[in-house]
Amino acid sequence: MGFASIASQVRKRRPLVHNITNYVTVNDCANILIACGASPLMSDEPEEAEQITSICNALNINMGTLNKRTIEAMFKAGKQSNALNHPVIFDPVGVGASDLRNKTASDIISQIKLAAIKGNASEIKRMAVGQGYCSGVDASVFDTITYKGLDNAVEWMKAFSQKTGAVIAMTGAIDIVADETRAMCIFNGHKLMSDISGTGCMLSAMTAAFVAANPSTPFEAVCTAVITMGLAGEMAANYMRSFEGNMQYRAYLIDSIYNMDPNALEQNARYEMR
Amino acid sequence: MGFASIASQVRKRRPLVHNITNYVTVNDCANILIACGASPLMSDEPEEAEQITSICNALNINMGTLNKRTIEAMFKAGKQSNALNHPVIFDPVGVGASDLRNKTASDIISQIKLAAIKGNASEIKRMAVGQGYCSGVDASVFDTITYKGLDNAVEWMKAFSQKTGAVIAMTGAIDIVADETRAMCIFNGHKLMSDISGTGCMLSAMTAAFVAANPSTPFEAVCTAVITMGLAGEMAANYMRSFEGNMQYRAYLIDSIYNMDPNALEQNARYEMR
Amino acid sequence: MGFASIASQVRKRRPLVHNITNYVTVNDCANILIACGASPLMSDEPEEAEQITSICNALNINMGTLNKRTIEAMFKAGKQSNALNHPVIFDPVGVGASDLRNKTASDIISQIKLAAIKGNASEIKRMAVGQGYCSGVDASVFDTITYKGLDNAVEWMKAFSQKTGAVIAMTGAIDIVADETRAMCIFNGHKLMSDISGTGCMLSAMTAAFVAANPSTPFEAVCTAVITMGLAGEMAANYMRSFEGNMQYRAYLIDSIYNMDPNALEQNARYEMR
Numbered sequence: 161m162g163f164a165s166i167a168s169q170v171r172k173r174r175p176l177v178h179n180i181t182n183y184v185t186v187n188d189c190a191n192i193l194i195a196c197g198a199s200p201l202m203s204d205e206p207e208e209a210e211q212i213t214s215i216c217n218a219l220n221i222n223m224g225t226l227n228k229r230t231i232e233a234m235f236k237a238g239k240q241s242n243a244l245n246h247p248v249i250f251d252p253v254g255v256g257a258s259d260l261r262n263k264t265a266s267d268i269i270s271q272i273k274l275a276a277i278k279g280n281a282s283e284i285k286r287m288a289v290g291q292g293y294c295s296g297v298d299a300s301v302f303d304t305i306t307y308k309g310l311d312n313a314v315e316w317m318k319a320f321s322q323k324t325g326a327v328i329a330m331t332g333a334i335d336i337v338a339d340e341t342r343a344m345c346i347f348n349g350h351k352l353m354s355d356i357s358g359t360g361c362m363l364s365a366m367t368a369a370f371v372a373a374n375p376s377t378p379f380e381a382v383c384t385a386v387i388t389m390g391l392a393g394e395m396a397a398n399y400m401r402s403f404e405g406n407m408q409y410r411a412y413l414i415d416s417i418y419n420m421d422p423n424a425l426e427q428n429a430r431y432e433m434r
Numbered sequence: 161m162g163f164a165s166i167a168s169q170v171r172k173r174r175p176l177v178h179n180i181t182n183y184v185t186v187n188d189c190a191n192i193l194i195a196c197g198a199s200p201l202m203s204d205e206p207e208e209a210e211q212i213t214s215i216c217n218a219l220n221i222n223m224g225t226l227n228k229r230t231i232e233a234m235f236k237a238g239k240q241s242n243a244l245n246h247p248v249i250f251d252p253v254g255v256g257a258s259d260l261r262n263k264t265a266s267d268i269i270s271q272i273k274l275a276a277i278k279g280n281a282s283e284i285k286r287m288a289v290g291q292g293y294c295s296g297v298d299a300s301v302f303d304t305i306t307y308k309g310l311d312n313a314v315e316w317m318k319a320f321s322q323k324t325g326a327v328i329a330m331t332g333a334i335d336i337v338a339d340e341t342r343a344m345c346i347f348n349g350h351k352l353m354s355d356i357s358g359t360g361c362m363l364s365a366m367t368a369a370f371v372a373a374n375p376s377t378p379f380e381a382v383c384t385a386v387i388t389m390g391l392a393g394e395m396a397a398n399y400m401r402s403f404e405g406n407m408q409y410r411a412y413l414i415d416s417i418y419n420m421d422p423n424a425l426e427q428n429a430r431y432e433m434r
Numbered sequence: 161m162g163f164a165s166i167a168s169q170v171r172k173r174r175p176l177v178h179n180i181t182n183y184v185t186v187n188d189c190a191n192i193l194i195a196c197g198a199s200p201l202m203s204d205e206p207e208e209a210e211q212i213t214s215i216c217n218a219l220n221i222n223m224g225t226l227n228k229r230t231i232e233a234m235f236k237a238g239k240q241s242n243a244l245n246h247p248v249i250f251d252p253v254g255v256g257a258s259d260l261r262n263k264t265a266s267d268i269i270s271q272i273k274l275a276a277i278k279g280n281a282s283e284i285k286r287m288a289v290g291q292g293y294c295s296g297v298d299a300s301v302f303d304t305i306t307y308k309g310l311d312n313a314v315e316w317m318k319a320f321s322q323k324t325g326a327v328i329a330m331t332g333a334i335d336i337v338a339d340e341t342r343a344m345c346i347f348n349g350h351k352l353m354s355d356i357s358g359t360g361c362m363l364s365a366m367t368a369a370f371v372a373a374n375p376s377t378p379f380e381a382v383c384t385a386v387i388t389m390g391l392a393g394e395m396a397a398n399y400m401r402s403f404e405g406n407m408q409y410r411a412y413l414i415d416s417i418y419n420m421d422p423n424a425l426e427q428n429a430r431y432e433m434r
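Protein chains in written order, with our numbering: chain A, 161 to 434; chain B, 161 to 434; chain C, 161 to 434.
Hints may contain errors.
Since copy identity is lost for identical chains, a pair holds within one copy or between any two.
[Said to hold, decoys possible] Here are the computed lysine-lysine pairs in the DSS-like style, where the Cα-Cα straight-line distance is at most 27 Å:
(1) K172 with K351
(2) K172 with K228
(3) K323 with K351
(4) K318 with K263
(5) K323 with K273
If you're looking for bench data, these hints aren't it; they were derived computationally from the structure.
In isolation and in its complexed conformation, chain A is listed as follows (with noise of 0.2 Å):
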């Protein structure tokens, strides 16, 4: 599918991401972005949000700590950079768990024009169906995609991506991208990506700055993150010495991507149209 090449173009192009996103996950975004040959650059003060957006190549949304000061700063730069033609990715972290949260994530998607919405299960499902159960900022059991239940997720996810007009991510054992016609199923990862804090984060960061590079393919440019995510997931595994845990895992995953030769994305890559 062009794996190699989407992947190839970030680091070609060396886009500038604007994240405006959580401090809890902030660190690892910024050296996520450097890993996979992008530029990262954090600001949410509203009264610059519009400058430095304008100098950006993208911007990741991320609400994981958001406050009334950053929501501010969101819906400034969202706004700019829709009108400069920049991809805006949106992950709406922990909508669901309070009302806040909710009206935000309504908010930012009828008021700005987004390339990509890329969240867990239960955050995808709660803005897509209205539903999802809220278990805090992961996924909850409940909501969990099977193989049997795929079809079913793939046409509410078809039907989301036609409403809003982004490319849809829905993250979990098996991951699921899709825009209004297709959808791609994938099976890379490890579970060992659920015990570190962030991984999510990483990956709206990371896809961010795929879509930056390869503006004419956003679904291609989202899947090819995902991929690159899970791949380097199971990479990371393989490092692993008896005495290391997630911390140490969450180097070598961001160091695998640092490392990530563009041709094993076409080689490993395991997933299915639908």
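Knowing the structure of chain A, use the given hints to seat chains B and C on it.
Relative to the frame of chain A, chains B and C by itself:
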């Protein structure tokens, strides 16, 4: 004392911990919560504080980088947690360093029912007996508790527990955990632990998880969290190669929590009851 | 030049550094301060800024993720540090990227007496001579200082030092440190250093510690901090295994600071005076 079963309960119940904590060590707190079997949620916006804490099982308040907005969130979340009977853990980082910290700590203690208060010797001494030499966020050498001084410290710690209703944990070369009638002096730990930023913050987060998973035995839960941390510090030191320093030590520390065998706690805990 | 004794003073005096810095790399700044023998304190609430800085030995102002609240804290802490004769280090991250950053940097330089200003080529150039191509928080290739261009750069850096009264440190493939009459061009360092987020921020924090511990020789202190960072970058590169990338490199970098032998600075420093 049942350390193994207390630690096992955390992995079994997987408590969701709401953290209103500083932005310096917040990522370590998130990852150590996952490492010990719990689940982290960070949020400090007053508007959502009550709703967020309602879906969690415990609240961890750390005033390391407090500001007026987050202080408001601390009180809202604290009072709601009290109403729901969720355990609240308080880490008065840097109390004594400013009037704002002194007032905030004092108000929290008087307005919120705390399950546990965790701090270094300077912090706990200041809150318990109105003195304690403040030298920033680290304990002053003037406040070091020696083996000879244990009885004295235990006495005023029990009194402080009686006054506040909270289990008191004071960390240092020797850690002490006290409730109104009992005190455990813990000798586990390693001097490298004071060479990384955030061991104290990580312990507070983990304490919240341990108390949430063992609501009927808060004293034992706090003791087990402190022992788990100390033992992990010892294990981590064993993995250090000659060219490694405090950053790799931090990874080994959290990874040792991740790999901790509950039975090792029983075998390697070193303590005296007073 | 006495690098060994300057570095040793940091471990001996253990200066407490007040950091008003960005939330992206703040944890690395805390840990590198400990690694070099100093002690970190982070606080950005205006209400406590003056009291906090009063108990510290130096102030490090970094405007990476500035906002209106933290800007207020920068000025309060800066003026109080001046009143107490504490050294103030300023890192104008991303100056040129927004009017808010330009105004803040300009106001800090005119209202606060700075001991040192540290930035990349684009940032320092913009502040010193009103130009410098802004491409986010990283230096633009257009501003790269080559060996041939050293004399020219040294000239305007000395003039900028004369104007501000601060020691000027400009980092890049070649680092330059200048005061009004002298400049040291430093050739230590490794290209991997630009592949992690935060090397610049870490250097600023460490510079604050080095100047605080060597108050009578600020030029030499800044030079030693820059050489320490560069040499650690070289050492860290040696430890890298083939599958490791920027995250593990960061750990090795800070760990190399932690294990730095002061005598190695004398032996391995590579520089020219101009």
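Against the structure, the hints come out as follows:
1. K172 with K351: between (31 Å within a copy, 18 Å between copies)
2. K172 with K228: neither (37 Å within a copy, 36 Å between copies)
3. K323 with K351: For K323 and K351, neither the intra-copy (32 Å) nor the inter-copy (46 Å) Cα distance is at most 27 Å.
4. K318 with K263: Only inside one copy: K318 and K263 sit 23 Å apart there, 47 Å across copies, limit 27 Å.
5. K323 with K273: Within. Shortest intra-copy distance 11 Å satisfies the 27 Å Cα cut-off; inter-copy 47 Å does not.
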